[in-house]
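First to last, the protein sequences are chains A and B. Residues in the first sequence are numbered consecutively from 1, following my numbering. Residues in the second sequence are numbered consecutively from 1001, following my numbering.
Be aware that a few hints might be false.
[Stated by the list, open to error] Covered stretches of chain A (chain B as the covering partner; in silico rule of three or more C-beta atoms under 8 angstroms from a C-beta of chain B):
hint, stretch
1, 130-143
2, 156-165
3, 182-196
[To be verified] Below, in silico cross-link-like pairs of lysine to any residue (SDA-like), each with a Cα-Cα straight-line distance of 20 angstroms or less:
hint, chain 1, residue 1, chain 2, residue 2
4, A, Lys196, B, Pro1554
5, A, Lys196, B, Gly1315
6, B, Lys1563, B, Leu1602
7, B, Lys1321, A, Gly4
8, B, Lys1500, A, Gly132
9, B, Lys1500, B, Arg1425
10, B, Lys1306, B, Tyr1345
11, B, Lys1500, A, Gly171
12, A, Lys42, A, Gly4
These aren't lab readings, by the way, just hints derived from the structure by calculation. Note that the Cβ used here is the ideal one computed from N, Cα and C, for glycine as well.
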Amino acid sequence: MFVGRRMKRDLVTVPPGASLSEAARLLKANRIHHLPVVEGRKLLGIVTDTDLRNATLRGAAGEVGGAPRTVEEVMTRDVVTLSPGDTIDDAMLVLCRQRFGALPVVDGDRLVGIVAKADVLAALLETLDIEGVGVRLEVILPRDMGEVTRLSATLRELPVEVRSLVLAPHGKDQYAAFVRVATIDASGVRDRLRGKKFDVAELSDFYEPG
Amino acid sequence: MAADGTRGWGPGGPYAERDITEGFDRLIAANRLFGAELNPSVLKKSGKGAPFLVRKPPPRHRMLALWQDLFEHRVAPGELLALLSIEVHGMAHGDGLLLFGRDRLLYDCQILQGGEAVGHLTLDFYRERDRIVPFLPFPTRPGHRVVFIEGISLTRQSTGYASALFRRYERLFHDLGFHLFRLKASLSVGKYYWAKEGFDCSDRKQFQEIRDRLWDLAWRLDLPVAEQEVRRLTHMSDVAAFRGDIKIPVWRDKEGYYTLERDAAHPEEFLFPLGKAFLLGSEPWDGHKVIYTDTPRRTALVWSDKYLSHGTPVGHPEGLKRLTALREAIRREGLLSSLIVTEPYLPGMEAVHAVHAPTYLEEFREAVARGDRYFATRDCAIGAGSYEAALLAAGGVMAGIDAVFSGRSDNAFCAVRPPGHHAGRATAMGFCFVNNVAVGAAYARSAYGVARVCILDWDAHHGNGTQDLFEEDPGTLFASLHEHPSFCYPGTGRRMDRGKGAGTGATLNVPLPPHAGDREMIDAFEREVVPAIEAFRPELILLSAGFDAHRDDPIADLECTEKAYVHMTRRVLEIADRHCGGRVVSVLEGGYRVDSFVASALAHIRTLQGREETPCSSAGG
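Using the sequences and the hints given, assemble the complete structure.
What follows is the structure, given as structure tokens:
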């Protein structure tokens, strides 16, 4: 999945000469934390609510040079960016490892979008269909596509709609299959799967009550 | 033993056997106590007042045994006669007799006005025998103590005498420890007033006719009454109170009888409210009344055999076995006679359209008519009677709301099928087609002007349909306790969902982790749900009462027992007492393992009646 499909395109930006209070107002009004600083479409830097807060604190402490007044003075110039051709995986890795909140997306030096943590989480929610109707079952399989095929064949026989199926590594030689089924009778499905000798994890296998 | 001096009026016992026997002797000497034929149908009344084919009194030990069985010696024989001969509305009892049958005691007297006999009253005191094995006539054990009005007649019109007398009697029988006070009489005596007190027509067919005639009258007089309003009448007391805002003329004769048609014999014209006028002017009917002297709350049970016509395939968890087993258990436990059985009615489509899209209902109807095996999703299996049953389930909640608002019952349990809380405006899912509580809430709003409705949903599954329908409505508090959506169908109902727009804050989701039991359930209920309902100050509480959070239920992973349901029901009633006159209408949702479902539902119903004896479980204790 490419960043270009997930990024936000209607951007809130500021010119470098904008005042700090103007920047603060924009952040608050749009309920965001990151403002790309642009000249035309060209990305010059990024300013976050943390930058603004630190600047205000510096000003209050009466540091040499006085309080900064424009966005240009406080923005980060050396911005980590993505390109529309990068993938959501790239975005996840950068966001997670470097602990950023949002990444501007640039095509050359032209700003075309922004990807925030929430956008990446939304992609994950959709993939796992977490907001959709259904129940998640967790089936532990040997690492053998034959077993995966058998599982899908078994699910096909059941009178239920499968909303999503995610296969994840589980230890060294097993898969965990996360199946989301749209039926209220999840225990019936569990029983049928167990009847076909599948290892359906008990809730307690994943969740230990305190 | 000395009389209990703290109570001015009522039995003074318990007494020693010797006192009772002496009481018998004194009455026999005064010619006030006799024996009588054992079978009441053999008891013969002669034309005017001379009452029974009486016999010599039976042996003392037999009389004593019956007295013990009926009264536990709480009252002495002479005292009972005195307590029964109450003077109300200037009318007294004369020639009062106690007659001993083999298994019952009779009270027979003249009704006197100014020394002149104007009527006659016979009461029957007996004890029901309950079968120990349901389908065998024997063996049996002693059941409810019953007072039965064998007959009452008055030769003179006496407005309100019967109601006043029975009101006093009801109190007396309560103090004597009787369970039921039954009447069966031609309602020519005080018919309107009796109807108002809760008389019902013993013959359902006759009642349908009465309803049809009421509709004919409204039609003939061209009154602004919708057919739907008449159709939803399920009880005689509703007829009496029907459309008090419309006044119609009735004519009265010299003796005080009324008619709806003017003629020479009925010259005097009166304007009465529609329902009252109709009953006063109609023919006498046979009625019965059950007075629940051992139940602090009168609970209506909404029930119809048509709920069984929603057929689901064998092995489907939401099968009709749920309801047949519940009904059988209600019978077996002897609860039926203490419940005010209420019939549901098919709601007008405008009531259902308040909640569901007309196109959606039409698709549902067509799917049923085509003979489809399921509608919308494989979970929602359907059969030939499913469409009607689903509408009737919503109509059942409306009938329960009618019962509670008309004062016929204090609260109601609607044993409906199919369930409703997953059904959204245009979605069927999770065995649900029509959102019964939602239709009920909308109906309470339009028919009774209720502004603030609380819907409490303790089904183990989140009531996503109900939430979707009301999430923007600040006038409906939707509070749901359910298994956490990450583990359980339908995967919604997260804590952060608190309503939308103007309705923000009027949705409360309390997810419970898998394997949570009574303690966790009751804790969460007390900590989060109770304060929210208290703060909301509802005018009506609707319960989405599913019983699938039970530890034996296969469809969810919670580990509650009947105890949690008893606790929550008690607390809901108590909150309802404080905020909305005890108005609670409980609507059946899930609960799929028949034995645990039946046990839980029974405990819930008993608690609604205020007769569940399980000790109160305190929160967190």
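Structure-based check of all given hints:
no. : hint                    : in the structure
1   : 130-143                 : holds (count 7)
2   : 156-165                 : holds (count 3)
3   : 182-196                 : holds (count 7)
4   : A:Lys196 <-> B:Pro1554  : holds, 19 angstroms
5   : A:Lys196 <-> B:Gly1315  : holds, 18 angstroms
6   : B:Lys1563 <-> B:Leu1602 : holds, 12 angstroms
7   : B:Lys1321 <-> A:Gly4    : violated, 55 angstroms
8   : B:Lys1500 <-> A:Gly132  : holds, 18 angstroms
9   : B:Lys1500 <-> B:Arg1425 : holds, 16 angstroms
10  : B:Lys1306 <-> B:Tyr1345 : holds, 11 angstroms
11  : B:Lys1500 <-> A:Gly171  : violated, 42 angstroms
12  : A:Lys42 <-> A:Gly4      : holds, 18 angstroms
The structure is inconsistent with the numbered hints 7 and 11, although it conforms to all the rest.
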